[in-house]
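A.B. asks: The opening position of the sequence shown corresponds to residue 155 in our numbering, with each subsequent residue numbered one higher.
Careful: at least some of the hints might be erroneous.
[Stated by the list, open to error] Computed list of lysine-lysine pairs in DSSO-like fashion (alpha-carbon distance at most 27 Å, straight line):
id, residue 1, residue 2
1, K317, K379
2, K185, K317
3, K423, K300
4, K423, K466
5, K185, K300
6, K300, K310
7, K466, K413
8, K300, K317
9, K379, K414
10, K185, K414
11, K317, K303
12, K413, K423
Derived from the structure by calculation, the hints contain no laboratory data.
Computed from a predicted model, the values in this text were never measured in an experiment.
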Amino acid sequence: MTEQDRPEMDSRDESHEEVIKVLDLYQTREKIQTRQLPGFFRSLQRWTWMPMIAAYFLVPWINMDGRQAVWFDLPARKFHIFWITFWPQDFMLLAWALIISAFALFTVTVLVGRVWCGFSCPQTVWTMIFMYIEDCCEGDRNQRIKLDKSPWDGNKILRRGGKFLLWGLVGFVTGLTFVGYYNPIRDLVPEMFSFTAHPAAVFWTLFFTVMTFMNAGFLREQVCKYMCPYARFQSVMFDRDTLIVSYDAERGEPRGARKKGVDHRADGKGDCVDCSLCVQVCPTGIDIRNGLQYECIDCGLCIDACNTVMDKMGYDPGLIRFTTEHAMEHGETHILRPRFIGYALVLTIMISAFGYTILTRMPLGVDVIRDRNVLYRENTQGLAENIYTLKINNMDTQGHRYSIRVEGEYPFNYLGATEVSVAEGEVLSMPVRVELDPGVMKNPNADVTFIVESVDNPAIHAIEENRFIGPRLRR
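My request is simple: use the sequences and hints to build the entire structure.
C.D. replies: Okay, structure coming up:
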């Protein structure tokens, strides 16, 4: 290499190093310190999530028919949801429920954007609770920023330690309640505090305690921005008639500070005073004035902040508001549009079908398995016999006595127990026989129907068909 080539190479190396320094693939998180301001949407938020929080913590304590009203009993493979008990055979209903939930989310998103994220999502709800605790322990936004920069002294340790203690308490109660849906909570709580709880219950309680502490205390907006898939595919469901939080740039720009009572229009300024309160109250730390962003969760807190400033300045409210892109461009908003009608129609059909299935669901399962080793056998009376295994699954919340009979196009004779008792949740399996005079058969096989009916409640019954095989017909 000559000396003339070396400077050029050095220059390329320096340029390469400079590019490496600029291209930082992992950006360090900047802590968001939100400001708490009163307003309509903040009050609406509380009235939205307070019933959900109350239901989450109180429902496990409700008892029905001597058991926990909502109890996912994994060892027994039974899901008790109030007056209905679901079994592994009902897994399809769970799939239906998940699909219906997804379509409901799509329908709401097409109409009013990410209001689920802003008002009902557990991540948002628990984050708001943790923020409230943080505000009580460490003060308002300016006090928290000052506390972050201050050295570790007695005041900082006391305030931050109190915050972490309350966070941990909320996380523990959250985790304990969650485990209480799977392990009866009336037994779990005293066992937990007497240190006699099962190790698995202790592990999962501590696991969800830590996860709640981390998600709502530290990750916060990171979950919404990077972990939640809904934030990524929501734009596919948005259109120009979707109701979203928007900043009216035509009215607000150019922004700038001014004194109250001054004619800002004469100075060439818009209504935005550039106070940045809309940024300070945002739980995801975005500036709504930069336009629609996937991080926006449609909580409406920036609307409250902006309307407060507009009121103080004597301007009309609504510089930031829930509106549509068509409305922002002075166009006409179409609520009933093909996409929304399609989602709503499919959702209505699925909910109707699901409700009908639940209402007409029979808490009795019958399965008939024919003996495949022997096609048929001839008994001493010259009748053709088929052997079956009859399984009766009592999926009700109480025991029943069932009658058993068979029907078909021929006069079948049922040989076996005509009445059996099956306890709650029990699966009774027993061999039975069915015989028939082969002389009456027009074909070597025929349909035979097993009918199982509750003696004390005839509305509970099940019908199962199988095949009866006889001798081949002689020509």
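A.B. asks: Confirm or reject each hint.
C.D. replies: Results for each hint:
Simply put, K317 and K379 have alpha-carbon atoms about 25 Å apart, close enough for the 27 Å limit, and the pair holds. Note on K185 and K317: the hinted pairing holds, with a Cα-Cα distance of about 16 Å set against a maximum of 27 Å. Restraint check: the Cα-Cα separation between K423 and K300 comes to about 33 Å, which exceeds 27 Å; the hinted pair is violated. The hinted pair formed by K423 and K466 meets the criterion: a straight-line CA distance of about 17 Å does not exceed 27 Å.
Distance check on the hinted pair: K185 and K300 sit about 13 Å apart at the alpha-carbon level, within 27 Å; holds. Proximity of K300 to K310 is assessed by CA-CA distance (about 10 Å); at most 27 Å being required, the pair is judged to hold. At roughly 11 Å between alpha-carbon atoms, K466 and K413 fall within 27 Å of each other, so this suggested pair holds. Under the criterion of a C-alpha separation no larger than 27 Å, the hint pairing K300 with K317 is consistent with the structure, at around 16 Å.
With a C-alpha separation of about 37 Å, the suggested pairing of K379 with K414 is violated against the 27 Å cut-off. Between K185 and K414, the direct Cα distance comes to roughly 33 Å. Violation of the 27 Å bound is thereby established for this hinted pair. Proposed proximity of K317 and K303 is supported: the alpha carbons are some 17 Å apart, at most 27 Å. Our distance criterion of 27 Å between C-alpha atoms is met by K413 and K423, whose separation comes to about 12 Å.
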